[in-house]
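**Student:** Work out the full structure: start from the sequences and follow the hints.
Same order as they appear, the protein sequences are chains Z and Y.
Residues 4 to 439 (the working numbering) make up the first sequence, in order.
Residues 4 to 439 (the working numbering) make up the second sequence, in order.
There may be inaccurate statements among the hints.
[As the list claims (entries may be wrong)] Far from chain Y by the CB rule (all over 12 Å, computed), these chain Z residues: (1) L138; (2) N194; (3) K242; (4) D358.
[Unchecked claim] Computed Cβ-Cβ distance ranges for the label pairs, DEER-style: (5) R238/Y with M332/Z: 21 to 29 Å; (6) N317/Z with K68/Y: 34 to 42 Å; (7) M332/Z with G276/Y: 40 to 48 Å; (8) D293/Z with L138/Y: 48 to 56 Å; (9) I55/Y with N317/Z: 26 to 34 Å.
[Claimed, not checked] Listed next, the in silico EDC-like pairs over lysine to aspartate or glutamate satisfying Cα-Cα at most 20 Å (straight line): (10) K68/Y with E313/Z; (11) K256/Z with D293/Z; (12) K256/Y with D293/Y; (13) K226/Y with D329/Z; (14) K401/Y with D380/Y; (15) K242/Y with D293/Y; (16) K226/Y with E313/Z; (17) K226/Y with D50/Y; (18) K226/Z with E60/Y; (19) K401/Z with E263/Z; (20) K68/Z with D329/Y; (21) K136/Y with E320/Y; (22) K242/Z with E20/Z; (23) K63/Z with E20/Z; (24) K226/Z with D329/Y; (25) K245/Z with D280/Z; (26) K226/Y with E327/Z; (27) K245/Z with E281/Z; (28) K226/Z with E327/Y.
Keep in mind that the hints were calculated from the coordinates and are not lab data.
The structure displayed is predicted, hence computed values, not measured ones.
Beta carbons are placed, not taken as given, at the ideal position from N, Cα and C, and that holds for glycine.
There are 2 protein chains.
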Amino acid sequence: MQPHELTATEAARLIAEQKLGAEELARSCLARIEARDPAVRAWVTYDPSKVIGRARELDKILISKGPVGPLHGLPFGVKDMIDTVDYPTENNSPIYVGNQPSHDAHAVRIVKAQGAYVLGKTDTVEFAAGGRKALTRNPFDLTRTPGGSSSGSGAAVGDRQVPLAFGTQTGGSHIRPASFNGIYALKPTCNVVSWSGARQYSPSLDTIGWYGRCAEDLTLVAKAFRLRGADALQRPGVKGLKVGLAHTHNGTKAEPAGREALALAAKRLSSAGAIVDEITLDADFATLNDAQTLIANWEGRAQFLPDYLENYENLHEDFRLKIETDGNMTADAMRTIYDTVYRCRARFDALFGADLDCILTYSAPGEAPVGQHTTGDWVMNSMWTMLNVPCLAIPCHKGPNGMPVGVQIIGQRWGDATLLGIGESVAPVIDMPASG
Amino acid sequence: MQPHELTATEAARLIAEQKLGAEELARSCLARIEARDPAVRAWVTYDPSKVIGRARELDKILISKGPVGPLHGLPFGVKDMIDTVDYPTENNSPIYVGNQPSHDAHAVRIVKAQGAYVLGKTDTVEFAAGGRKALTRNPFDLTRTPGGSSSGSGAAVGDRQVPLAFGTQTGGSHIRPASFNGIYALKPTCNVVSWSGARQYSPSLDTIGWYGRCAEDLTLVAKAFRLRGADALQRPGVKGLKVGLAHTHNGTKAEPAGREALALAAKRLSSAGAIVDEITLDADFATLNDAQTLIANWEGRAQFLPDYLENYENLHEDFRLKIETDGNMTADAMRTIYDTVYRCRARFDALFGADLDCILTYSAPGEAPVGQHTTGDWVMNSMWTMLNVPCLAIPCHKGPNGMPVGVQIIGQRWGDATLLGIGESVAPVIDMPASG
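**Tutor:** Shown next, in the form of structure tokens:
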């Protein structure tokens, strides 16, 4: 096995035990990128000499002082709307070509302070919000989308080019690419990871998450972010686990491959002793997907105003319209929408406890669609983003075209560590591609 | 009258009419600063040559091409936790001494794009959140606090050193200094002004606002930010205006000078034909002030983690504790708190309409207290910040020690323009220092 094929958890252990050099891992990732990225196009920028230089430095530090932290020697892909000092942050916008921030985003500082480094920047939908698509292709089938807006991060981890990467989710930008690229993802509870230094779109929804190749990879990063309870994470096991199977009001949008993934995941969990019961969310929840678009427009208006004023010609119409039409909404109508969302957050969290440990639901309608004109449908994601709850994506099977299809498990707000523990328990049961 | 004594509205008009040069205004402000700031200490940094250079440039542009925008030639003070390319952003933290951002915060970009410029950076409580106090003194009495955390911005505008300045509010950091320094302030609805590029503390509360010397100054800036409805602002007049006089559950904390200000404002409005009725908010609202501290701690944890990991020794204990103790709260307890806040937001907004145009309440308990060990009590502010609603501070009278004491009017979420129109109508009635 080549180092680039290792999970982050395995690589971190081998590096700490001095059985693998950070440089060796870096070179393996770079070789994979050089072989594959001309076709996959996950990366906007990366600099091999910078990467090798930093990895070497970390190898020296390990020997002389011990590990900087639990992420010692691990490279991250960083979605190109999250600021980095190592590379420009271009937001896939013509306005930001060559744009070099002076500071790392908080999320980047946190992983660097614990021994990780930035391998490069990954392609994104413009501002992670609309406009231009990423140029990235799905590594499992280059005619298909890797999903979006975290297109490059999802594809890079899925293609074994880098073990870990940051993505973001405002609607369905993080969990959907996980499904399309056959990888694991955590979108934490909103605001438990600082958004500072990432390009804001809709502050009450915007959430930074990360991709990995197993549930333990997600936990490794969650510990670095000191998510509440992550330091004393419990694996509850599968037996007796109370799982709410949620088809949701959007279930009719599921394709056969998506339905099969969810049914398979439920069946595998039941067979392993979990108590899987269908759970129905009432009509209030059915409004949340449409409301997500309205809130993102309503809040996005303020976030794109500087570019609108400074550089109207180069700002995509998607963003101009947020300012010019204000989503055609009134404050009264928006008040009703926010109040419904707020009510749903409280009611959703109240479902958890004696009768429910986690929700199991779709990550995406089905396989990644063909074409570069689409990033797929985020219909299976927006509701959960609106609830601000943690979502953990798990690969499940291969669809009729051989494409990965995943599911997600969902917890209550600030239940990130509980969800990660459940994720570690259920992943080996759900993620069985051989039998998929 | 010296140019530095002009309101922003007057200065903008005179500049547009070419009766006042931007350079002339800049030199007048700089002279005032040089005369006064050794005592007041509102400014962390300002560079006269940079200021005069930019003002001169704006004068040339005006003649050759006309005004850049409605803020042409106006200088802003910028609270030193909001990023600027012109000056370092030091956050009043030893960690950030000399820290030079590569980009302006969104709020700064927006006013620059419309002809304004940054005069300098104003002192702040550490990270606008705790720790070290600003060195700023109250310009009306140097033995007293100007309030905080927007200490320098409040004092600079109050002392006629600059016509406009940005502050921020997460608890009571923007409206309280307005009262203590005898000036006008708008804290808009949360998230209608982008926070991007300002130092985050508690994302569901953090709000950038601005100071001016009359209600029209606040509107001028609100139009630059395209706050909804500000372009077609209506002044409803005072006659028949339905004002809810809210003593709130915190009214017992009001000092005689604060009570007198509120009573005077109510009486002046009644005399001018407004319908002023006492309004009582129920027990749920009484919990919001304590809840503000808990939410700020709960959310602040993620925001100070990078500094905690990188620079523990230089991070004030106030911020270390957010990470180490997590406010001693559980997720279950925090869920209850958020749900109460959410419920109150909906219920508060529902008060407005046929029976209520705005709330009238305290801006601060009373006069600015003596001493540099305190920035005064934000007990009259936190509840409104928690409700995310727009708050507009209006000077009202002088207390027994000759210090200014103001009041605030409050609207419903996204009712910023309505509140500004009311503010313009009621300000000449409430703000009568001669009779105060």
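**Student:** All hints are to be evaluated individually against the structure, with a verdict given for each.
**Tutor:** Verification of the supplied hints:
Non-interface call for L138/Z relative to chain Y: holds, since the shortest CB-CB distance, roughly 25 Å, exceeds 12 Å. With 12 Å as the threshold on Cβ separation, the claim that N194/Z sits away from chain Y is violated: the shortest Cβ distance comes to roughly 5 Å. Listed as outside the interface, K242/Z is consistent with that label: its C-beta sits roughly 25 Å from the nearest C-beta of chain Y, beyond the 12 Å cut-off. A cut-off of 12 Å between C-beta atoms confirms that D358/Z is not in contact with chain Y; the least separation is 16 Å.
Judged by the Cβ atoms, the range 21 to 29 Å given for R238/Y and M332/Z holds: they are separated by roughly 25 Å. About 21 Å separates the C-beta atoms of N317/Z and K68/Y, a value inconsistent with the hinted range of 34 to 42 Å. A hinted range of 40 to 48 Å is violated for the C-beta pair M332/Z and G276/Y, which are about 34 Å apart. About 51 Å separates the C-beta atoms of D293/Z and L138/Y, a value consistent with the hinted range of 48 to 56 Å.
For I55/Y and N317/Z, the hinted distance range of 26 to 34 Å is satisfied, since their beta carbons lie about 32 Å from each other. With a C-alpha separation of about 16 Å, the suggested pair K68/Y and E313/Z falls inside the 20 Å cut-off, and the hint holds. The suggested pairing of K256/Z with D293/Z holds, with an alpha-carbon distance near 14 Å, which does not exceed 20 Å. Straight-line distance between C-alpha atoms of K256/Y and D293/Y comes to about 14 Å, which keeps the hinted pair within the 20 Å bound.
Under the criterion of a C-alpha separation no larger than 20 Å, the hint pairing K226/Y with D329/Z is consistent with the structure, at around 15 Å. For the suggested pair K401/Y and D380/Y, the alpha carbons sit about 18 Å apart, so the restraint of at most 20 Å is met. This hinted pair does not check out: K242/Y and D293/Y have alpha carbons roughly 37 Å apart, beyond 20 Å. Between K226/Y and E313/Z the alpha-carbon distance is near 16 Å, which keeps this suggested pair within the 20 Å criterion.
Of the supplied pair hints, the one linking K226/Y and D50/Y is violated, its CA atoms being roughly 28 Å apart against a limit of 20 Å. Distance restraint check for K226/Z and E60/Y: the Cα-Cα separation of roughly 51 Å exceeds the 20 Å cut-off, and the hinted pair is therefore not satisfied. Between K401/Z and E263/Z the CA atoms are separated by roughly 10 Å; this keeps the pair inside 20 Å, and the hint holds. Straight-line distance between C-alpha atoms of K68/Z and D329/Y comes to about 30 Å, which puts the hinted pair past the 20 Å bound.
Of the supplied pair hints, the one linking K136/Y and E320/Y holds, its CA atoms being roughly 14 Å apart against a limit of 20 Å. A hinted pair counts as satisfied when its Cα atoms are at most 20 Å apart, and K242/Z with E20/Z does not qualify at roughly 34 Å. Of the pairs offered as hints, the one joining K63/Z and E20/Z holds, with about 14 Å between alpha carbons and a cut-off of 20 Å not exceeded. Of the pairs offered as hints, the one joining K226/Z and D329/Y holds, with about 15 Å between alpha carbons and a cut-off of 20 Å not exceeded.
The hinted pair formed by K245/Z and D280/Z meets the criterion: a straight-line CA distance of about 8 Å does not exceed 20 Å. Our distance criterion of 20 Å between C-alpha atoms is met by K226/Y and E327/Z, whose separation comes to about 14 Å. Taking the CA atoms of K245/Z and E281/Z, the gap is near 11 Å; set against the 20 Å cutoff, the hint holds. Pair hint K226/Z plus E327/Y holds up; C-alpha atoms about 14 Å apart against a cutoff of 20 Å.
Going down the numbered hints, you'll see the structure goes against 2, 6, 7, 15, 17, 18, 20 and 22, while the others check out.
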